[in-house]
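**Student:** Here are the chains, one letter per residue:
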Amino acid sequence: MLNHLTLEAVDADGAAREAYDGLPRSSRMSLLKRALVAGGTVVVGGVAIGGLPKLVTAAPSPAQDVEILNFALTLEYLEAEFYTRAIAGGALSGELLKFAKVVKSHEAAHVAFLKSALGAKAIAKPTFDFKGTTDDPAKFQATSIVLEDTGVAAYNGQGTRVTKKVLAAAASIVSVEARHAAWIRDIAKKNPAPVAFDPAKTQAQILSAVTATGFITG
Amino acid sequence: MTIHEHTTMPAFTLADVDSDGAIAEAMDNLERFADTRAGFLRKSALAAGGVIGGGAALGALAAPAGAATASDVAILNYALTLEYLEAAFYTEAARVRNWSGDLRRFVTVVGAHERAHVAALKKALGSAAVASPSFDFKGTTESEAAFRKTSQLLEDTGVMAYAGQAPLVDSDAVLGAALAIHTVEARHASWIRHLNGASPAPVAFDKPKTMTQVLAAVTATGFITRAPAMTSSGGSPSFTG
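Here the protein sequences come in this chain order: U and X.
At position 8 of the first sequence (counting the first as 1) the number is 8 in the working numbering, and the numbers step up by one without a gap.
Position in the second sequence (first residue = 1) + 218 = the working numbering.
Watch out, some of these pointers could steer you wrong.
Calculated Cβ distances over 12 Å to all of chain X for the following chain U residues [as the list claims (entries may be wrong)]: (1) ALA120; (2) GLY159; (3) ILE173.
Lysine-lysine pairs mimicking DSS-like chemistry, simulated, CA-CA at most 30 Å apart [stated by the list, open to error]: (4) X:LYS367 - U:LYS201; (5) X:LYS367 - U:LYS164; (6) X:LYS425 - U:LYS164; (7) X:LYS341 - U:LYS104; (8) X:LYS367 - U:LYS101; (9) U:LYS165 - X:LYS341; (10) U:LYS189 - X:LYS425; (11) X:LYS425 - U:LYS115; (12) U:LYS190 - X:LYS425; (13) X:LYS341 - U:LYS201; (14) X:LYS341 - U:LYS189; (15) U:LYS139 - U:LYS104; (16) X:LYS425 - U:LYS101; (17) U:LYS165 - X:LYS425; (18) X:LYS367 - U:LYS104; (19) X:LYS367 - U:LYS190; (20) U:LYS101 - U:LYS115; (21) X:LYS341 - U:LYS98; (22) U:LYS125 - X:LYS341; (23) X:LYS425 - U:LYS98.
Quick caveat, the hints were computed from the structure, so don't treat them as lab data.
Even glycine gets a Cβ: it sits at the ideal position worked out from N, Cα and C.
Work the whole structure out from these sequences, hints included.
**Tutor:** So, in structure tokens, the structure goes:
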């Protein structure tokens with residue numbers, strides 16, 4: 001269904017590269033910074049700064065699609081790795097394990113799709129440190145809720161910034177993130193649908209929250 | 219709770235009573251409207267289920283929905299029709315039966331959400347808002363088994379409906395609202411699926427459905443028994459739901 005979204009569809013003219021090149025030379029680029037720059041935000045000293053106003057305010061374009069798809073890919077890498085490690089760690093059982101397995105397969109499929117859509121323009125996978133949240137069922141559960149709710153807000157925040165072709169694909173992913181969020185919330189005895197209108201968040205807000213977790217180490 | 223279902227989206231069966239032609243015709247009008255984007259005033263009045271004279275429709279649309287196009291008006295009225303259906307379903311369910319436990323919470327929370335969606339869409343559409351159809355839920359609001367199954371179908375359908383329309387929306391304001399509702403429908407779908415012992419997230423990519431596909435499925439349920447009444451010139455549509 002989503003195979004029609006090819007590199008041609010999101011053909012970039014180097015917007016992300018341009019942004020990357022525009023960083024101060026004195027700033028040593030870590031992989032995290034590269035990921036976040038590709039996501040439209042410059043991270044300096046661990047604080048995400050909403051940079052690149054030109055990109056943020058621009059109308060949808062293929063170049064901007066690349067930037068946003070790489071932002072989405074960063075989040076999907078994070079989610080996929082989180083569930084992969086939680087399963088491998090062996091701390092989960094019962095319904096939590098079932099949840100982790102199903103959701104891991106979805107996040108891996110999202111990563112594969114986004115990498116395929118971006119082709120050579122896909123950013124590399126960062127390195128992660130989940131700080132023990134994958135080794136403890138209670139921490140896993142709490143972290144999963146945050147990650148999935150954040151995923152929903154992140155995709156919803158980009159809806160008006162992407163071309164219609166990318167929007168069609170993103171719409172098919174975001175509702176799955178919402179299903180994950182409701183599922184883990186119900187498992188955790190929290191309201192699966194806490195509000196009538198889900199909030200949208202900007203890239204700067206999302207990346208600030210992600211940076212604050214310290215999960216991305218390089 | 220065991221997860222025993224990993225199939226893709228369920229489909230409404232066509233075996234049910236076929237609704238009368240009026241609804242289908244009204245919905246076809248909405249669809250043509252969305253496809254052609256022509257005849258803004260005349261067709262937006264038609265989509266609203268009433269005749270709107272002069273610039274009333276334009277004035278109403280300008281406010282909360284931003285620069286709403288004729289196509290967006292059609293999409294919003296389509297969404298409103300689906301939300302009327304969902305809101306009426308849960309409102310009736312809460313009235314006719316004393317639910318307990320998880321289902322009670324679900325009916326209460328989801329019913330409030332669907333009514334909030336109706337209110338938001340009506341506000342966005344102003345005088346161009348279509349009136350509520352009349353409904354007959356054929357006992358599915360009373361029988362627990364039928365309620366569970368029907369709720370799951372309605373919520374999954376809502377997800378597919380919004381996903382299908384999102385790329386067709388012109389206005390950023392309308393799109394933002396639609397996306398905010400879309401994922402809440404997905405949360406509802408996941409929730410009732412979990413309560414039903416079905417997989418809350420059966421596939422990695424939810425499938426969009428076109429307006430035609432969704433309306434055919436809705437028509438097949440027979441839940442919509444009467445199209446909104448046409449109102450006289452200049453009057454506000456009458457809301458029955």
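**Student:** Could you tell me which of the numbered hints above are not met by this structure, giving the numbers in increasing order?
**Tutor:** 2, 3, 4, 5, 7, 14, 21 and 22
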